[in-house]
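Residue numbers (my numbering), protein chains in the order written: chain W, 1 to 412; chain L, 413 to 824.
Simulated from the structure, these hints should not be mistaken for laboratory data. Just to be clear, a hint being listed does not mean it is correct.
Stated by the list, open to error - Chain W is nowhere near these chain L residues, computed Cβ spacing over 10 Å in every case:
hint, residue
1, V590
2, E655
3, V698
4, L734
5, P788
Stated by the list, open to error - To be clear about the criterion: a stretch of chain L counts as covered by chain W if any three or more of its residues have a C-beta under 8 Å from a C-beta of chain W, and this derived list gives those stretches:
hint, region
6, 494 to 505
7, 539 to 551
8, 614 to 623
9, 645 to 653
10, 668 to 677
11, 764 to 772
12, 794 to 806
Claimed, not checked - Here are the computed distance ranges between Cβ atoms for each label pair:
hint, chain 1, residue 1, chain 2, residue 2, range
13, L, T795, W, N35, 48 to 58 Å
14, W, G295, L, A470, 30 to 40 Å
15, L, P458, W, R228, 30 to 40 Å
Idealized CB from N, CA, C, for every residue including glycine.
Here are the chains, one letter per residue:
2 protein chains.
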Amino acid sequence: MNVEILAIGTEMLLGQIINTNAAEIASRLADHGLNHQFQGVVGDNPGRMEAALRQAIARSDAVILTGGIGPTQDDVTREVVAAVADVPLIFDGDYAETMRRRWEQLGRHFPESNLKQAYHPQGAIVVENPRGSAPGFILDVDGCLVVSLPGVPIEMLGMLDDQVIPFLMSRSGTSAGVVTSRVLKSWGLSEAAVGERLDDLFTSSVNPTMAFLASAGVIKVRLTARGRTPHETEALIAPMEAEVRRRLGDHIFGVDGDTIEGIIQQQLRDRSWTIGTAESATGGLVATQLTAVPGSSATFRGSIIAYAPDLKVSRLGVPVELLETSGIVSEDTALAMARGARTALGVDVAVAVTGSAGPDPLEVDVGTMCVAVVTPIAERSRTFHMPGDRERIRTYTATAALHQVRLTIDAS
Amino acid sequence: MNVEILAIGTEMLLGQIINTNAAEIASRLADHGLNHQFQGVVGDNPGRMEAALRQAIARSDAVILTGGIGPTQDDVTREVVAAVADVPLIFDGDYAETMRRRWEQLGRHFPESNLKQAYHPQGAIVVENPRGSAPGFILDVDGCLVVSLPGVPIEMLGMLDDQVIPFLMSRSGTSAGVVTSRVLKSWGLSEAAVGERLDDLFTSSVNPTMAFLASAGVIKVRLTARGRTPHETEALIAPMEAEVRRRLGDHIFGVDGDTIEGIIQQQLRDRSWTIGTAESATGGLVATQLTAVPGSSATFRGSIIAYAPDLKVSRLGVPVELLETSGIVSEDTALAMARGARTALGVDVAVAVTGSAGPDPLEVDVGTMCVAVVTPIAERSRTFHMPGDRERIRTYTATAALHQVRLTIDAS
């Protein structure tokens, strides 16, 4: 089945937003063995949308549209699809009621313009949107499945994963085949270093195939196998996974949907330990990530963000002399912050970060970041030199700090 | 002049990289008043590249190709453009020599495969690439300017800014035209509510045009005017901007590149005030955003993240009885947290958040979030009912908390 993607939104043609949706959809199509040869972007212009949609319908088995189904006047995807399919838009009274009730439960005024979202092209299958108000739909137009989804990434992805991909797979006729992917997540090696260690496997392996993906310091190795049964694809992946794990060692921290926050929560639960943070340059980012996991209140107690140097002294008990002799950005200060946080927050494990995120240097070069972790039985500190701008430095440092937590607990 | 963008690379169709180039090019085209109506992506496949290129040539005055001009076997952009233009590829001996010398100066072995990059379609203007080895080119094909640039963003952007945009402007004949955009950013109204308040303006206005964009609770209204001079476009935008501001009132918090964090930093600097946060359910997200701005150390001092209820008592001085009578998630508790943070952190302004981010309800419904702000002269508290999952609830609440800070300081 050939699937193409057509994103709708003038803001992309003005360069105001990046079309990240296309990459997210594309990687899922690849994982499921659905062919994907074209991506397009058009503005909120009915004439050009119609031309692009007609071309997609003529050459593909399915086209996934993103955007243009919100409540405002420039949202015209529904109208254009109905016109191309030559069917009327039908008002869905039940859906309108559901929407109205949802807004009332939230105690908010329901804008009548939202009712626009209760119209669907005649004959369309509605795709529920549990995370937002604009439902999507699937309509067969001249043998091509036209799928309309919202442009908001979190809404779009949920609908894609839960409803659209299964639907396309059931229709694709390739359902006799099975595609299994395993993503191995590593931290602490560059993409080039991971590539070098796995070069011969990458070059020689046909099934499973291997691909690399880097984001915020995490290098993912994706193995994708095709076969007739899940048993067969698993048997193809297993030896390759074992070999990749052998070569990357404890740089590998998880698979597939695993997150470093989730891994840490499990480590802590296994030991009945609690955690807290003491942060300076990361400004709460490490705590934000630790509390992103549902159920984090079982292990996370709190944080002290001591951005101002005097708060490092008064709230974390860092000795003034230490700040003066070792410097605010030093492993010694980071260790003192972590020890202080253990006491102030009453936690078993504390992680501390102090550094210079820029743009102006603060007694050390921009990008110098010191991380310390203290557990009931071990202490560890490390200094990182992070490249890039303020945002990149902070993000990479938070990730590095979490991995130091993982490694220190593992070594405890 | 109508310019379209065609990105070439199978890695985009596999979702392995995001096509950020398109947004970068698009924003420059918009800034220079060059029309831009289509973006496309095709893989490294000569047949499909040729079809996509022929279509672009037929409907546009210029097409910017990115990617496919590297040294490897799957780089075929040069060959495809030459075939479509029906001209041969000519070997550029001087360029080959230049490349060879550059590699030797770096003390590196020159791979012969690089010589591929010294071939240009006959009649093409070469676009120098000072940051890399693959030069680009511009070729007139049936009255359409075909521009070929590398896919590596930093190389591509340098060539675009220094050579391609000036070339297109000199050829566009519209160099007398100017496009000016103004983005007005609002918070506190739904996209539908903004749309309703501006409905007649949206429908009736041709120049400037109006568009809406929503992200994380912020609704942006973009006005775009075309004219002969910046003075003329500014004069077209000014009355419309004034009318939008009148209708949306203090929901409007900034324009163009303004961020709520930046606005708050300016408010605080104007008053020589400092700020800190006391967070529960947001787990440090408000602090993370406040410290995302360079220079935030001038106004931001620190935070206490009291996720565990007993830390609200011991670190923020919230009375135990208050937690028992009003509840952990209540405006009274939020106010007590903010007052406690003012003292504990020694700040002028404190913002506090307590709530239930889910997925399991915590004495109140998931999504119930209480925010309090205390300044030297005013106090304010609000309760929000945020829809969506844990991530969305936390993100929207952090944004809401920042806007409560802005509004409370404004009212101080």
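For each hint, the structure was consulted:
1. V590: At roughly 15 Å from the nearest Cβ of chain W, V590 of chain L sits farther out than 10 Å, so the non-interface label holds.
2. E655: holds, 17 Å
3. V698: violated, 8 Å
4. L734: Non-interface label on L734 of chain L holds, nearest chain W Cβ at 18 Å vs cutoff 10 Å.
5. P788: The assertion about P788 of chain L holds, with a minimum of 18 Å to chain W.
6. 494 to 505: With 0 residues closer than 8 Å to chain W, the region 494 to 505 of chain L misses the three-residue bar; violated.
7. 539 to 551: violated (count 0)
8. 614 to 623: holds (count 3)
9. 645 to 653: violated (count 0)
10. 668 to 677: violated (count 0)
11. 764 to 772: As far as the region 764 to 772 of chain L goes, the hint holds, because 3 residues have Cβ atoms under 8 Å from chain W.
12. 794 to 806: holds (count 8)
13. L:T795 with W:N35: 48 to 58 Å: holds, 50 Å
14. W:G295 with L:A470: 30 to 40 Å: violated, 57 Å
15. L:P458 with W:R228: 30 to 40 Å: holds, 33 Å
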